[in-house]
Amino acid sequence: MYETQYHRATSVEGAARLMGEAQDGKYLAGGMTLIPTMKQRLASPSDLIDLRRIDALKGIKIDGRKVRIGAVTTHSEVATNEELAKICPAITSLAGHIGDPQVRNMGTIGGSIANNDPAADYPSAMLALEATIITNQRSVPASAFFVGLFETALEPEEIITAVEFTAPDKAAYKKFPNPASLYAMAGVFVARSGDQIRVAVTGAGENGVFRLNDAETALATSFTPSALDKLSVNPDGLLSDLHATADYRANLVKVMAKRAVAEIANRPM
Amino acid sequence: MARVELVVNGRAVKGEAEDRTLLVHFLRENLGLTGTHVGCDTSQCGACVVHVDGMAVKSCTMLAAQASGSTVTTIEGLGANGELHPLQIAFRENHALQCGFCTPGMIMSSADMIRRHPNGLDEATVRAELEGNICRCTGYHNIVKAVLDASDKSKAAVQAI
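Note that the protein sequences, when read in sequence, are chains A and B. Quick note on numbering: the working numbering labels position 71 of the first sequence as 533, and the sequence is numbered without any gaps. Quick note on numbering: the working numbering labels position 38 of the second sequence as 1333, and the sequence is numbered without any gaps.
Since no wrong hints were added, every one of them can be taken at face value.
No farther apart than 25 Å at their CA atoms in a straight line, the calculated lysine to any residue pairs in the SDA-like style are these:
id : chain 1 : residue 1 : chain 2 : residue 2
1  : B       : K1450     : A       : N543
2  : B       : K1440     : B       : H1380
3  : B       : K1309     : A       : R470
4  : B       : K1450     : B       : H1390
5  : A       : K520      : A       : E617
6  : A       : K501      : B       : F1396
7  : A       : K501      : B       : H1320
8  : A       : K692      : A       : Y710
Here are some, though not all, of the chain B residues that point toward chain A, as calculated from beta-carbon distances under 7 Å:
id : residue
9  : A1297
10 : D1314
11 : R1315
12 : S1338
13 : V1344
14 : M1350
15 : A1351
16 : V1352
17 : T1356
18 : A1360
19 : E1424
20 : E1426
21 : G1427
Restraint ranges, calculated between C-beta atoms of paired labels, are given here:
id : chain 1 : residue 1 : chain 2 : residue 2 : range
22 : A       : K528      : B       : V1302     : 32 to 40 Å
23 : A       : E465      : B       : K1309     : 20 to 28 Å
24 : A       : L704      : B       : A1452     : 44 to 52 Å
Read the hints as simulated data drawn from the structure, not as lab findings. Nothing here was measured: the structure is a model prediction, and the numbers come from that model. From the three backbone atoms N, C-alpha and C, an ideal C-beta is built for every residue, glycine too.
All chains, full assembly: derive it from the sequences and hints.
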């Protein structure tokens, strides 16, 4: 790791100020991606501004079906929140299957979303839940937030403070993790609220997370796994690497979508 | 330089380290606590697992400066009064180690796992929870047995109170 200067911010305003003063600063939350990247010398920020201890960024608030998750809330905290599990078990289950237990104890929802790794789990949930990403400057709908590979709508000094969404009637997330890295080779989040159905795919797209409109249309006719039998996922624009070809991922997307729908159909609530 | 203040295994410690110093290196080199190992150094193998404020984390992927102000427990702090911790006893009795390199991390992860599952564990849960710890000798079978053994004994101990 190259030399860097560590700063611990105690407020969002203070963090933004530190970033403004830094030559080439980076915000640090759980650090589960940033620190390994720095260790490999693929990133060399002059300054690290630690957001993890800012009280205003912590915690989960639930009001009826409205959910607000603070940006530095860890995956473990989301996974074990019983109140959240009652109204949106898909997101607690998603959080409980990110990486491994030690990574979940440090990794945060804000960090995951800001990094927008094409194989990260949370972006698919944000898109399918039509979440709003709240920053210290504005509110951005998830559909406008995830711009491309590791790219978001965030400005250099902007800080995610929370995400907000309304719990859907039903939802499920299914992924096929790479057995070594545990990152999704394809992950599909299906959410249904009334007659609105949203299907978001992670792990497969060359430009990161995307909505699978054909699946949404098919499920609007019949919300059953077999409604996706004739779905053909276009491999153009899907990732192809040593783990899986684009064609293989296209098929995985369909299989994960069917599994997610099957889980919703079989769940008692 | 970062000023690092921690409570490690019940003892308040202070030290200076470069801002980029990883917690594992601070523990090993500044404090001489070499029970915490550096294995893969890429947050996959779990040989470096310690508890920070009661939670298992990979100390190769956390800066010492990030941890400053926290309470840290390493493998050296797990037993008390010269006695082995029940997990250490279970690992010995179940022959859950060969070379022993992964053992400190395995035990620290398992201690966190048992704490989070006070009503007991089953084999599938133990295997899933050990996702972040890699052993290259034993094939995990005896590690899982040892964790279940320690979990059963700690459950029995809780029920006896």
